[in-house]
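Trainee: Residue strings, one per chain:
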Amino acid sequence: MDEASDVMPSELPVERRQRHTRDRTASLNSLSHFKSASSKHIRPKSTLRNRGSNASMKSVGSDTDHSEIIAPIPRRHLLQTSQSLHWLRVDTSSGDEWLNRGVSPVSASSVGSVFPNNRMSNRLSFTALMEHERTTVGPSSTADARILEDDQGNIGAGRRFVRWMHRNNMKNWVVPSAIAASTLVKWCIGFGTYSGHNRPPIFGDYEAQRHWMELTVHLPVREWYTYDLQYWGLDYPPLTAYVSWLCGRIGSLIEPSWFALQASRGLETGGSKLFMRATVVIFDLLLYIPALYTFVCAWQGTRSSRKRHAALLTLLFHPALLLIDFGHFQYNSVMLGLTLLAINAFAAGHDLFGAIFFVLSLGFKQMALYYAPAVGSYLIGKCIYLGPVHGTRLFLRLALTTTLAFIIMFAPFLPPFSPLSTIAAPIIRIFPFGRGLFEDKVANFWCFTNVLVKWKHIFASREGILIKASTGLTALGFLPAVAALIFGGYKTRLQKDAQNHSVDVSPSMAPASPSSPTPILPLLPYALLTCSMSFFLFSFQVHEKTILIPLLPLTLLLSGAAPTDDVFLWGALGNNVGVFSMWPLLKKDGLGLQYLAMLILWNRLIGYNPFKLRYGHFAGLLSSVVHTVIIILHLIELAVTPPARYPDLFPVLNVLTCTPIFGLIWLWSIKRLVEVSWAISGLPGKREKEPSSTVSAISTTSSSAMFGHSPMRGEMGVRATSLGYASGRGRGQADARRRALVTSAGGDQEH
Amino acid sequence: MNTVKQSHSSPTDQLDDSQKPHAPKSTSAWTWLNFLGDVSKSEVDVLLLSMAFKFLLFPAYRSTDFEVHRNWLAITHSLPISQWYYDTTSEWTLDYPPFFAYFESLMSIPASFIDPKIVDLQNLQYDAWTVIAYQRLTVIISELVLGAALLRFIRVSVDPSRQRILSASLFLHPGFLMIDHIHFQYNGFMFGILLWSILMACEGRKLASGILFAVLLNFKHIYMYLAPAYFIYLLRSYCMSPAGAIIPTRFISLANSVLLVFLASLGPFVLMGQLPQLLSRLFPFTRGLNHAYWAPNAWALVTAADRVLLQLVKHLGVELVVNESGIASTSRGLVGDTVFAVIPNIKPIHTFIVTIIFQMVYLIKLWSAPTYKSFVAALTLCGYASYMFGWHVHEKAILLVLVPLTLLASENYAYYKTFVIASVAGVFSLFPLIFTPAETLLKIVYSFIWGGMILYPLHKQLYEFPSSLPWVLLESFENAYLYGFAFLQAFVTLFPLMTGGNPDTEFLPLMATSVYCAVGLIWSFIRLSTLYIIQQY
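Just so you know, the sequences run in chain order S and L. Using UniProt numbering, the first residue of the first sequence is number 1, and each one after it goes up by one. Using UniProt numbering, the first residue of the second sequence is number 1, and each one after it goes up by one.
Fair warning: there could be bad hints in the mix.
[To be verified] Below, a list of computed lysine-lysine pairs in the DSSO-like style, where the Cα atoms sit at most 30 Å apart:
no.: 1; chain 1: S; residue 1: K454; chain 2: S; residue 2: K612
no.: 2; chain 1: S; residue 1: K671; chain 2: S; residue 2: K468
no.: 3; chain 1: S; residue 1: K587; chain 2: S; residue 2: K454
no.: 4; chain 1: S; residue 1: K491; chain 2: S; residue 2: K671
no.: 5; chain 1: L; residue 1: K117; chain 2: S; residue 2: K587
no.: 6; chain 1: L; residue 1: K117; chain 2: S; residue 2: K588
no.: 7; chain 1: S; residue 1: K587; chain 2: S; residue 2: K456
no.: 8; chain 1: L; residue 1: K460; chain 2: S; residue 2: K171
no.: 9; chain 1: S; residue 1: K468; chain 2: S; residue 2: K456
Since the hints were made in silico from the structure, they are not lab data.
Input sequences plus hints: build the corresponding full structure.
Mentor: Right, here's the structure in full:
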């Protein structure tokens, strides 16, 4: 909450102070805080309470957390409850008088005994008394009240865990332990086999990555993209090559035979496998996990720490990514982590850093291009938003930085380091248009329609048409995202005359504006989803693993949503179906068990039960149906071997199941784009009005997932200003719009 | 065999509960499950998440115990019962009591449907995916007995929130994870039976408690370590009136039911006249004082002292009668039989006498105060004394101490601290079981997370300030000891890297682990003994 309250130095000083004192009461059990005035008025009798009632005490302070407003349940120590009085021979009717007398500290602390030679230990042990109590009175109902309460909410195991940790005063340990646990899970997935394990002569993705380490270590840079292309020639951009080189160097230090040129092909020793697995985990720890953490801070900075922690948990155990990176073996988390860092930088207003991160992401894996239209149009939209002067300046800076970053990345392939012709090899390798419309069965439009229309046969000699068609369809697919971002930027652009109208516009707004977040930021995750999904569905040469790229923005959106939200339902459905769409691949890799374990683990963690019927939610009903179909398909696959005529029967059925879902998610993301952009910019010319009056009913559904926080109790200003991303410097008339957006977004969100 | 039945049916219905959380729990279909009470969502969380995690461990390292159990599946499936204890096709002969053999026989039926090669006696070292998945799965499923018992402990506890933490700590115990789910054994299942038996004692159903313990003894005879406590407790509190008069009906019913259990187990072998053969398999007295890796008990310290003395003797040139064969056995510390060089050798009878003396002290106390708490403490101490002074103790036997000790942990701070020291040292002493590099990271991180999640909240709830200066000092020593494990782990990890796997010093990390853990376990043993003797029940 600190970032949020810093944002509002003048508007709500009183409330802020109050909130701070209340925050402190969160640690009621440390003695010094007993003296704080606010704690007294919350619980006048709090000194009476004993260690036994710690659980309820800790929740007192959590009132900054809206969803969790749980009135402190006054739980007395057993000594003080009337049911315990009979063995103390105290008259129960004395009631309050007796309670006010309190319990002397000595007797309270001698619940146990001081080891070993204490006088108290010779008395009857207190637990023995309690036990006696239990048998005479029966199970106490108050003891489990808190746990039962947890059970009633429709929340996942992750949130329950976070609550438990917070209540047991381990708030600061949630993030480290979650990261440790997820790393442990990732490591354990790595016990399994990997892509191409024990399958000579060509092996699989694992061997590809290992081979790149081998060749980058031993060959000069300009031969990297030309060396023995038949055997896993390098076809990723230079950053992958550099990273491979680094890993190869370190690995060669440990054991040179792991990366011996030629001799190490197909090497599968335990040591080298361990090393390779360790590199993925280390890159994940260095890049992806910090990116997730900064995402949660940057985009959900104004939410309660419990919600942020729960969101982090959701993201840390993302099943599809874990299975592919740590099971199948790839380095997607590096690419996704860099993209995520770029998005975080945009949210924090550091557009240039964001651009550099995104270029790095592109430079690691060309698949980041799926995000490029959204990122590019966001930046253009921002330039438009800033107006002609600042916008142009920003645009030039961005163009310059991006070009420079690209040039530096490709520098070894450019003059003066090597002849200009060298650059052709990586470019050709990176964009493989010669490899056909699709390879394996992949759940996209082309493979889906291929069941009826045999594209490859019809256009056997005219591949060019297919390329054009797929490019055109893809462009059509991501057009809504581009349009929404640019149009949003245009609609919300800063106008000079606006400064005369707004009262609270500071003169410092204009110079500060290039680094302040834009109102179109809420569109960005949806735009990323639309773009990447459209690429996945319509573009050329898509792999089934590429579903990870649309799943990232979808999971980001999901992480902030409540379990009854539309966003949550679509996100969970998309993720599960996404994992299912990779089932043929995982099965081939021997990762069936890991597939099952991760699905159970993650769904339990986020509290998603697909078979719970949710009437009135299209996504909910759809998910029940789809999951039933998936389970049936799995069962049939277990029981029946496909007929010889259709060896690919199950992969095709898989494609037929998954593609419609991905298509629906794509359509849904477009719908959400429209809604959110309506909420942002749908009220032209009314900016001067009081925000609360301009709230439209339609926008209640908008942006609630990521950015909605119920602005209760007059904290609207605080929350609205920062709108999910921490930096709130750009106050002004944009602020009014944001407030409108957020006001509208509340309500349906928190539970 | 009630428990086995439960183990097979509880997962499905717990899953079901989680899927319809608001369904009334006491509808007729589920009434037979009432013994678990309302299973809360957080409990299902623990079950499901830990299950999912254990699935991931299927391909992990597994010891020869895996092949041992596979071989037993084959023996019990393909041979007639008369051959079970005679078969020597594999070197891993059947050396568990008959109930466990029956259990294996039961498990071999589905196994033969899944993959007939699993139960092929000649198919040694079979490690196809089917057998791995099947055997690992049986461990997870049979462990549900433990889960059910732990849930019951929450229901009957006076302080459910604390007991919930303790129950979770047992279900997720790194000991079980390492021994059962990586190394491969069925401890979760058998400790489940033990906990059911203790639970019955807690609920005052002492006859059931006795029967369950008899059943357990026929699953694995290592639980004989605990038998004296059971014997005294049941005799004093069940078969005798508080005044000390024997109640014949109770005595006879208990004796008869225990006899019946043994008859069901050993009867067929007695009829076939195979009892001597069976017993010779169960109690091989041909092993040495210490296991290959010294279990961190009193003898580990004695052995270490012998090693140190030998070096002293060598360097100082003191004239002493040195046992030559002892010098030979010193260099490794890994070799099976231990022969002392300086200290007089220890014979099985010595260890036996020491153990009995210690146990007698606790049993006299238990006789005078036959309450449930006293019983659990005496049970723990009986196991502890056997672990400390027993002949050829395995490091895995530490679970015999840690599991019942956990039930006492929330009693008060003194017990809690004892529990912490014993748990940390005990879990650490299991680390050498898992020595492959990939699993090493797993065991350390998992144990660390486990320790943090369990110990921190309990510490918060139970902490008491030390009352005087000696206790302050003692507490700081204890904490220093606990922090020392970080350095020990660093040493164990780094030492082989620095020496480059020199075989002469290979045993040093193991010896250091053993000695350091032994110090903590012995201290914890002294603490617990003192606590038990002075506490009035």
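Trainee: Each of the hints needs a verdict: does it hold here or not?
Mentor: Hints, verified against the model:
1. Under the criterion of a C-alpha separation no larger than 30 Å, the hint pairing S:K454 with S:K612 is inconsistent with the structure, at around 39 Å.
2. Note on S:K671 and S:K468: the hinted pairing holds, with a Cα-Cα distance of about 27 Å set against a maximum of 30 Å.
3. Between the alpha carbons of S:K587 and S:K454 the distance comes to roughly 26 Å, so the proposed pair stays at or under 30 Å and holds.
4. The suggested pairing of S:K491 with S:K671 holds, with an alpha-carbon distance near 19 Å, which does not exceed 30 Å.
5. Proximity of L:K117 to S:K587 is assessed by CA-CA distance (about 23 Å); at most 30 Å being required, the pair is judged to hold.
6. For a cut-off of 30 Å, the pair hint linking L:K117 to S:K588 stands: about 23 Å separates their Cα positions.
7. Annotation: proposed proximity of S:K587 to S:K456 holds, straight-line Cα distance about 27 Å (limit 30 Å).
8. Of the pairs offered as hints, the one joining L:K460 and S:K171 holds, with about 14 Å between alpha carbons and a cut-off of 30 Å not exceeded.
9. Taking the CA atoms of S:K468 and S:K456, the gap is about 14 Å. The hint holds against a cut of 30 Å.
When each numbered hint is compared with the structure, a violation occurs for hint 1 only.
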